[in-house]
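Same order as they appear, the protein sequences are chains B and H. Numbered per this note's numbering, the first sequence finishes at 233, counting up by one with no gaps. Numbered per this note's numbering, the second sequence finishes at 451, counting up by one with no gaps.
Take the hints with a grain of salt, since some may be wrong.
Facing chain B, a subset of chain H residues (Cβ under 8 Å, in silico) [said to hold, decoys possible]:
id, residue
1, Leu291
2, Glu292
3, Asp296
4, Gln305
5, Thr306
6, Ser317
7, Phe322
8, Ile325
9, Arg326
10, Gly327
11, Gly361
These are computed hints drawn from the structure, not numbers from a lab. Positions of the beta carbon are idealized from the N, C-alpha and C atoms, including for glycine.
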Amino acid sequence: MAGFDKRVYTYEAAMAGLTDGMTVIAGGFGLCGIPENLIAQIRKTGVKGLTVVSNNCGVDDFGLGILLKDRQIRKMISSYVGENAEFERQLLSGELEVQLTPQGTLAEKIRAGGAGIPAFFTATGYGTPVAEGKEVREFKGRNYILEESLTADFAIVKGWKADWYGNVIYRHTAQNFNPAAATAGRITVVEVEEIVEPGALEPSQIHTPGIYVDRLIQGEFEKRIEKRTTRAA
Amino acid sequence: MALTREQMAHRVARELRDGYYVNLGIGIPTLVANYVPEGMDVMLQSENGLLGMGPFPLESDIDADLINAGKQTVTTRKGASIFSSVESFAMIRGGHVDLTVLGAFEVDVEGNIASWMVPGKLIKGMGGAMDLVAGAGNIIVTMMHAAKDGESKLLSRCTLPLTGCGCIRRVLTDLAYLEIAGGAFHLKERAPGVTVAEIRAKTAGRLIVPDSVPEMQV
Chain B
1 MAGFDKRVYT
11 YEAAMAGLTD
21 GMTVIAGGFG
31 LCGIPENLIA
41 QIRKTGVKGL
51 TVVSNNCGVD
61 DFGLGILLKD
71 RQIRKMISSY
81 VGENAEFERQ
91 LLSGELEVQL
101 TPQGTLAEKI
111 RAGGAGIPAF
121 FTATGYGTPV
131 AEGKEVREFK
141 GRNYILEESL
151 TADFAIVKGW
161 KADWYGNVIY
171 RHTAQNFNPA
181 AATAGRITVV
191 EVEEIVEPGA
201 LEPSQIHTPG
211 IYVDRLIQGE
221 FEKRIEKRTT
231 RAA
Chain H
234 MALTREQMAH
244 RVARELRDGY
254 YVNLGIGIPT
264 LVANYVPEGM
274 DVMLQSENGL
284 LGMGPFPLES
294 DIDADLINAG
304 KQTVTTRKGA
314 SIFSSVESFA
324 MIRGGHVDLT
334 VLGAFEVDVE
344 GNIASWMVPG
354 KLIKGMGGAM
364 DLVAGAGNII
374 VTMMHAAKDG
384 ESKLLSRCTL
394 PLTGCGCIRR
404 VLTDLAYLEI
414 AGGAFHLKER
424 APGVTVAEIR
434 AKTAGRLIVP
444 DSVPEMQV
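So that you can see chain B by itself, here it is in the shape it has in the complex (with noise of 0.2 Å):
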């Protein structure tokens, strides 16, 4: 059974072997979703130079937005940025590089590089600068331009549950890029909210299956709402 027991017991040691210059896929949509202890250990680590692959950079003083804060990353391939100062601030000083990405195209360069596809074709983006300097072919009389996938030396995942074996399930939309992400890590950390004994998740509810996760820790979780909206009672 050890050899399939996923579990690591510190922080420390779920995000042991992280250095310098290393990428690093991150899911989470917004704050909704995003492995936050692990984002607090990257920081804790003081590693510098990474290149940061996720959907969005957090807010200023949560989720990826304290790395950038600590000048962690060097490079961002994101969708949306539009929720961080210091982003801002570090991008037009040129401290930091920005990729960015159709959302629809960041999720299956993820996918397709946990899947061992290379790259692929899609229209998103054709004639837009987004396809600046990429090979453009037609197929059925449109257009479509070639897209590179990504890995990443550590995929970064926050699931809900989990049992020892890193089998995982997400919960609502706090689902998004995360099970994309752990299929494209070199090493694959998840953080849930709690992990159960083997056999007490129905194997066809699984979104995540454990051949994918090299460790799996169990946190406390702030999750922070970034927008608060409400109906009247």
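We have chain B already, so just place chain H on it with the hints.
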């Protein structure tokens, strides 16, 4: 009178059909959800991985794990499903969404759209807009017809970096409803009290005006 944001949303809602899966962008498109005609069932898609978005939650029902593409807390409706970003964009890119409504800075007579970047200003990113315009067969753009100084946003050729090319065929502005075909805007309806002359004056791209242009019902 130019249409209000609410009137624009109301007019777009008349393009909804029973059983449509619909993606609404941020801003005026979001308001369309408030004008779904009585007795009609539509399912709203949110690009972060939700099909069947419900209203905002009651304070007591707020859930940090349930948000929309605008990062607002939301609820699910009966019949909703939740999935990954990969799946979400597969349905968008694969052309499975029946209607997409999104805003724009400029459109032109070739159906090009610019909506994500103004050079010289901070670039925040395109989010899912490029995927949406590339994948949807049925798109309605909601936008202002002209800038405050009167400069047209309906052009012969977009001046801003594009979001997509040759993909827009229907545009609702605060002044008119137009279709794009054959390298021209075709005026279909005008906002109540707005003259064809004003629309002509504020449309820089080639405009084709039929003999009679009905007033919009809003």
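Evaluation of the provided hints:
1. Leu291: This hint holds: H:Leu291 lies near chain B, its Cβ roughly 6 Å from the closest one there, short of 8 Å.
2. Glu292: With a minimum Cβ separation of about 5 Å from chain B (threshold 8 Å), the hint on H:Glu292 holds.
3. Asp296: 7 Å, holds
4. Gln305: H:Gln305 check passes; min Cβ-Cβ to chain B is 4 Å, inside 8 Å.
5. Thr306: 5 Å, holds
6. Ser317: With a minimum Cβ separation of about 5 Å from chain B (threshold 8 Å), the hint on H:Ser317 holds.
7. Phe322: 3 Å, holds
8. Ile325: With Cβ-Cβ at 6 Å, under 8 Å, it holds.
9. Arg326: 5 Å, holds
10. Gly327: 10 Å, violated
11. Gly361: 4 Å, holds
When each numbered hint is compared with the structure, a violation occurs for hint 10 only.
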